[in-house]
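Peer 1: Sequence:
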Amino acid sequence: GEPKVIPWTQLCPIRCAADTWAHLDLRPKDVDLWPTNLGWVMGPIQIFSCFLNGATLALYHGSPLGRGFCKFVQDARVSVLGSVPSLVKSWKAGNLTKGLDWTKIRVLATTGEASDIDDNLWLSSRTCYKPIVECCGGTELASSYIQGRLLQPQAFGAFSGPSMSTGFVILDEQGNPYPDDLPCSGEVGLFPLYFGATNRLLNADHDKVYFDGMPIYRGRQLRRHGDIIQRTVGGYYIVQGRADDTMNLGGIKTSSVEIERVCNGADEGLLETAAVSIKPSGGGPEQLAILAVLKDGSTTCDANLLKSKFQRAIQKNLNPLFKVRASLF
Numbered sequence: 001g002e003p004k005v006i007p008w009t010q011l012c013p014i015r016c017a018a019d020t021w022a023h024l025d026l027r028p029k030d031v032d033l034w035p036t037n038l039g040w041v042m043g044p045i046q047i048f049s050c051f052l053n054g055a056t057l058a059l060y061h062g063s064p065l066g067r068g069f070c071k072f073v074q075d076a077r078v079s080v081l082g083s084v085p086s087l088v089k090s091w092k093a094g095n096l097t098k099g100l101d102w103t104k105i106r107v108l109a110t111t112g113e114a115s116d117i118d119d120n121l122w123l124s125s126r127t128c129y130k131p132i133v134e135c136c137g138g139t140e141l142a143s144s145y146i147q148g149r150l151l152q153p154q155a156f157g158a159f160s161g162p163s164m165s166t167g168f169v170i171l172d173e174q175g176n177p178y179p180d181d182l183p184c185s186g187e188v189g190l191f192p193l194y195f196g197a198t199n200r201l202l203n204a205d206h207d208k209v210y211f212d213g214m215p216i217y218r219g220r221q222l223r224r225h226g227d228i229i230q231r232t233v234g235g236y237y238i239v240q241g242r243a244d245d246t247m248n249l250g251g252i253k254t255s256s257v258e259i260e261r262v263c264n265g266a267d268e269g270l271l272e273t274a275a276v277s278i279k280p281s282g283g284g285p286e287q288l289a290i291l292a293v294l295k296d297g298s299t300t301c302d303a304n305l306l307k308s309k310f311q312r313a314i315q316k317n318l319n320p321l322f323k324v325r326a327s328l329f
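Counted from 1, the sequence shown has number 55 at position 55 by full-length UniProt numbering; the numbering is strictly sequential.
Heads up, a few of these hints could be off.
What the hints assert, rightly or not - Listed below are the simulated BS3-like cross-link pairs for lysine-lysine, each with C-alpha atoms no more than 30 Å apart in a straight line:
(1) Lys309 x Lys279
(2) Lys295 x Lys316
(3) Lys29 x Lys98
To be verified - DEER-style ranges, computed between Cβ atoms:
(4) Asn37 x Trp122: 23 to 29 Å
(5) Arg261 x Arg67: 35 to 41 Å
(6) Lys98 x Pro192: 44 to 50 Å
(7) Leu100 x Ala274: 38 to 44 Å
(8) Asn176 x Asn37: 37 to 43 Å
(9) Lys295 x Gly39: 31 to 37 Å
(10) Glu268 x Thr232: 46 to 52 Å
(11) Lys104 x Asn176: 46 to 52 Å
(12) Lys295 x Glu2: 24 to 30 Å
(13) Arg261 x Asn176: 35 to 41 Å
(14) Pro192 x Leu100: 43 to 49 Å
Don't read these hints as lab results, they were simulated from the structure.
Backbone N, C-alpha and C fix where the C-beta goes; we use that ideal spot for every residue, glycine too.
With the sequences and hints as input, model every part of the structure.
Peer 2: This is the structure:
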């Protein structure tokens, strides 16, 4: 649907700084770098986290997809490096860290998409096997509700549990919470007392978006976030996808409606399109596929040509980072 307009309060910067202090061990002498922008929640999180914790904020002018960025990590003596799984995959595919020294890094972090375990192993090996802290949250929370913890061993592609001062339950299909020690999978329900979380939206009904229809737990109505998560036998957590029509592409949350609106005008022979995200069997970032229905009487389309048209339309009108992996009709 329509993107939400989410106002922040004075509590949000405090929550940003608290999360990075507690989960990334961000210290005054650290040099912190995370490719992002102010249109994504990681932008303000980076700024407030560095300034309030006294760390140095590293700024790189250019694309994080090239070797120049990787060399900047070395030259700036970055000690805390954040990433998005799609970026790591690009660094690995291009062997962009060859000959570079990333051993000054003591903490790695990632968010925005599901991680590929092999890519995480490669990234960690660049830093003498430093831990990678997984983070998952949202702008409306000013933080992550689930993260890794440096106080325990980290499993690649998995989360340790709720972030500091946060609680959640995993719900079954009837909306009942599973026991906290039971391996399971279902929609997450956040405890409503959440420091830094929003209590209003500028273009939608806040209660309707986040609370209507959510079950009562211990006398309080749970907060909706929309993620499907799995609790493993070992007690770690894996985010499996979304319970709504949104998807994570290139680290950016978007809706199928936004993509379909752009793709519908990519070719005159199209009647309608449907955008779906596909989770690779081996894990890793979601992949975008566009299903197309042709108008009656339209000549047969070439799937690769149609894919190229979708790609150009999305890059021009939506986001240049979104990649169309398949086109079917």
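Peer 1: All hints, please: hold or fail.
Peer 2: Going down the list of hints, with the structure as the test:
no.	hint	in the structure
1	Lys309 x Lys279	holds, 23 Å
2	Lys295 x Lys316	holds, 24 Å
3	Lys29 x Lys98	holds, 27 Å
4	Asn37 x Trp122: 23 to 29 Å	holds, 25 Å
5	Arg261 x Arg67: 35 to 41 Å	holds, 36 Å
6	Lys98 x Pro192: 44 to 50 Å	holds, 49 Å
7	Leu100 x Ala274: 38 to 44 Å	holds, 42 Å
8	Asn176 x Asn37: 37 to 43 Å	holds, 40 Å
9	Lys295 x Gly39: 31 to 37 Å	holds, 35 Å
10	Glu268 x Thr232: 46 to 52 Å	holds, 49 Å
11	Lys104 x Asn176: 46 to 52 Å	holds, 48 Å
12	Lys295 x Glu2: 24 to 30 Å	holds, 27 Å
13	Arg261 x Asn176: 35 to 41 Å	holds, 37 Å
14	Pro192 x Leu100: 43 to 49 Å	holds, 46 Å
Violated hints: none; the structure is consistent with every hint.
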